[in-house]
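There are 2 protein chains.
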Amino acid sequence: MGHATTLPIGFETHPHHYKHWKLSVDGPIATLSMDVREDAGLSPDYRLKLNSYDLGVDIELADAVQRIRFEHPAVRTVLVTSLKERIFCAGANIMMLRESSHGLKVNFCKFTNETRLAIEDASQNSGITFLAAINGICAGGGYELALACDEIILVDDGNSAVSLPEVPLLGVLPGTGGLTRVVDKRRVRRDLADCFSTLAEGVKGKRAVEWRLVDAVHPTSQFKDAVQKRARELAENSGRQASGPGITLNPLNPTVTESAITYSAVSLAFNREKRTADLTVHAPSGPQPASPDEILRAGDQFWPLRAFRELDDALLRLRLNEPETGTIVIRTEGDRDTLLAIDRTLVAHETHWAVHEIILLMKRTLKRLDLTARSFFALIEPGSAFAGSLFELALAADRSYMLDDPAQESFIALSPMNGGRLPMSNGLSRLQGRFLAEPEKAASLVAGQGRFDPREAAEAGLVTVAPDEIDWDDEVRLAVEARAAFSPDALTGLEANLRFAGPETMETKIFGRLTAWQNWIFQRPNAVGEKGALRVYGQQGRPEFDWKRT
Amino acid sequence: MGHATTLPIGFETHPHHYKHWKLSVDGPIATLSMDVREDAGLSPDYRLKLNSYDLGVDIELADAVQRIRFEHPAVRTVLVTSLKERIFCAGANIMMLRESSHGLKVNFCKFTNETRLAIEDASQNSGITFLAAINGICAGGGYELALACDEIILVDDGNSAVSLPEVPLLGVLPGTGGLTRVVDKRRVRRDLADCFSTLAEGVKGKRAVEWRLVDAVHPTSQFKDAVQKRARELAENSGRQASGPGITLNPLNPTVTESAITYSAVSLAFNREKRTADLTVHAPSGPQPASPDEILRAGDQFWPLRAFRELDDALLRLRLNEPETGTIVIRTEGDRDTLLAIDRTLVAHETHWAVHEIILLMKRTLKRLDLTARSFFALIEPGSAFAGSLFELALAADRSYMLDDPAQESFIALSPMNGGRLPMSNGLSRLQGRFLAEPEKAASLVAGQGRFDPREAAEAGLVTVAPDEIDWDDEVRLAVEARAAFSPDALTGLEANLRFAGPETMETKIFGRLTAWQNWIFQRPNAVGEKGALRVYGQQGRPEFDWKRT
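Taken in order, these protein sequences are the chains called A and B. For the first sequence, the working numbering begins at 70 and goes up steadily by one. For the second sequence, the working numbering begins at 70 and goes up steadily by one.
Next comes chain A alone, as it looks inside the complex (with noise of 0.2 angstroms):
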């Protein structure tokens, strides 16, 4: 990948090794603070100065925004500020970018846009509102970061202002979110989002209010405690049920060596010479626990937990450190009525906060799974596990074959959890649009029968094809074969098109529309060639453009 990070990448941290981020936790506020380290970015070749970013810091961001779902019940509102004087963030490290891979660009992005949607969901879906408290420049990917909050509030003291400086400065787009937040969260004018998106120097005091880029801007001397005041008022309007004691995210701990990354419920194995990887989820056994307070014993070792968990740093994992690992075969083994009960349990306490956490989270890993470039194929075997929660990875996979063996019971279920509870980032459970065509299916099939033989399941188009055992072999081979055969970029075109059919929201929005211009852009030599803009900020001289618009 690039030159600018050593692979591999790792994404567990804890907020005992931040090196980026303060977290600190008072009664039901939690202050993010962001205080970069120069010189700790993922790779010696730059420094990360004006409290910029890499990766690095945003796991770290990630991280705690995860934390406090899980570990901090009792926060209600989180204030995301600097510890730096008069800086605020000045988004995405120019030199990371202009060092690294298009491919690490690219995936760079969508960690940051996911962190930033995750902390969209934990307003929406939580309650825990995020306060952007900009005490200095604000430019770009720090800019993007305040439009993650619900609010934002800028210092007036003459000078800070926020900024999207992308397309004058260098070249590029906004690569997180950042033009789809202005004119569609905040619905700035868009001539005035135009404006704003044109000048590197940004917009500051009363006008940032009137153009609707703030919330609101106090004088440096009211500046505290006009966010403490804020913060609080926040705390209070929170829709936020959580209380009592957290659930702790130890590390996963997977066994990690050249060719595989082995978790407790997760395992992903590498076949780099055909470039294929296989992803495998193993089932539960045994009695699980059936309440809250038994699932807040369990802690992060409740299975659903447990694996999604390892599910999503597999993932993370295989993107940033696989880049040629392009097709990734999908089993389950296991038990499924396990699967089943556990999935009994996570509906009929879902108002638990805990237990509404932990849904949320497997949402997230799956629509991260959603989002990753690569082809997936789910093979449903004899044995497999392909029931409710777990049926989703068929679902989210670009195909599923299931083997229709007349001499061995298999078949696949459905549960609750597939009827609306693990939604895509465009607003539709994954059942729902694959029957775009019969609007009532979906809802049908999930209150129906339950579990499906492979006949039946081809049949109600649950799954893609469902071959004999004397086909079986040749079928899935061949087609991993010619899968891995075509062109990378191709496929990921295909996938991010043919995923997302049906609505669209901000979310598709980003990943589908701005991330694909972005791409575009990053390739073109405006931005990476000799004299491209990005390539020659901050050094002598002008970037020098090919002039044709397209």
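Treat the hints with care, as some may be off.
Identical chains blur together in the list; that is why a pair holds if it fits in one copy or across any two.
In silico PhoX-like pairs for lysine-lysine, Cα to Cα no more than 25 angstroms straight-line [unchecked claim]:
| # | residue 1 | residue 2 |
| --- | --- | --- |
| 1 | Lys343 | Lys617 |
| 2 | Lys254 | Lys432 |
| 3 | Lys275 | Lys298 |
| 4 | Lys600 | Lys343 |
Don't read these hints as lab results, they were simulated from the structure.
Start from chain A and add chain B according to the hints.
Frame of chain A; chain B shown alone:
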């Protein structure tokens, strides 16, 4: 631009001059038959074998659809087929794509997309149903043309299939909405769409119906009769109300010089050194047709039809022939009251077929502007005619500047035409899109006072800024100069994102998502590098890919 096409390209044609299509009209049924002349491409560098097409072929198709709407009011159904034995259409010509510059590829796809959407517009809004009769090979863009039709009948000859072979054979995406229409319009299940879009040989016969790829198949012996029968049924069930004599669309005959294109109501003057152009629309004066009869008598000389046809032609020439002209300054001049009177006539008679068609053409032209990858700044000066329909030009612009000079009378005016009759691709009026933050405002402005002087216009948010006469020259000059200095690619991405806030439609998905991905892929070495799939297709050797997934 590309090697493959000689500039400038002209966009006007007439059935008498068609080289590639035959248009015949028989009562309520028009038949559009593709019969591409191999040796009559826009460039001699490629041959248009197997009914493959280049931009010239599509210009004729667009012309035919437009003429059916205006010149043939009796037509209810259009049968789209081919005169070549066992060949419907092989899609966009690969040699042409291979030899074309990136910009030409992108603009070619944009135009073909607009043509397909014009077909769907004729169906949805004019009640003209389109029936694709696929008599043989139907690949890539050939199938995408069929997808734009209301119904698809495929011959069942054991051989003829529909296919989207772009991913498996060429390493690019179907460039004309194919993936989006498969899953969003025809609602093909996403896993079947995945199989279909990776199967070079496509899907034929009964399976094509089962997968919802076509509506019916008929054996060769019954094909022609079944197609004719279905065309008659569709014609009988059409909702089209038009009748009587049509409106002949005569040539526009602009005066073209090295530095300007001058039509009767529109002029486009180039300042190539600064990479800007001045687009000026001249409002008419004096009495205008006020009834459908008078409008029919005026025919294509009725001002809105004439002016918007001219504007459309100017935009197309700008896109294809003037790639380095990045910033367009829009002005209007003439009699605002006459414009408002015309708008009143249009609204009063909007149910008359001809008036209805004129309004729809105005809508499509304004959409063409929204989708033109150039920066548009509207300059509203005393004596300008930004009223009603023409004010949409200012609303479509990325920014608008209105001179606030107390010494001169100056105002902009709204009419009911601004109230939703000229929607954008996302279904919103430009006023609604502008005021997303105030959902009631668009309607109340249209219902309200109607005219706004510079301060009122700025106050109401109808213009971006209203500088006074002291600041005007500098502010406008600096804005245009700054714009012209930015990265062309970044501006394209910026505008594509900011112009379309709010809801998404199949149309915005095609232009915003599918197109963006295609632009990216078109740029990648895996497609266009020395060993890229698009480059080596049909030649010795196989493509060589960089296997990294991004």
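Non-conforming hints, listed in increasing numerical order:
Result: no hint breaks.
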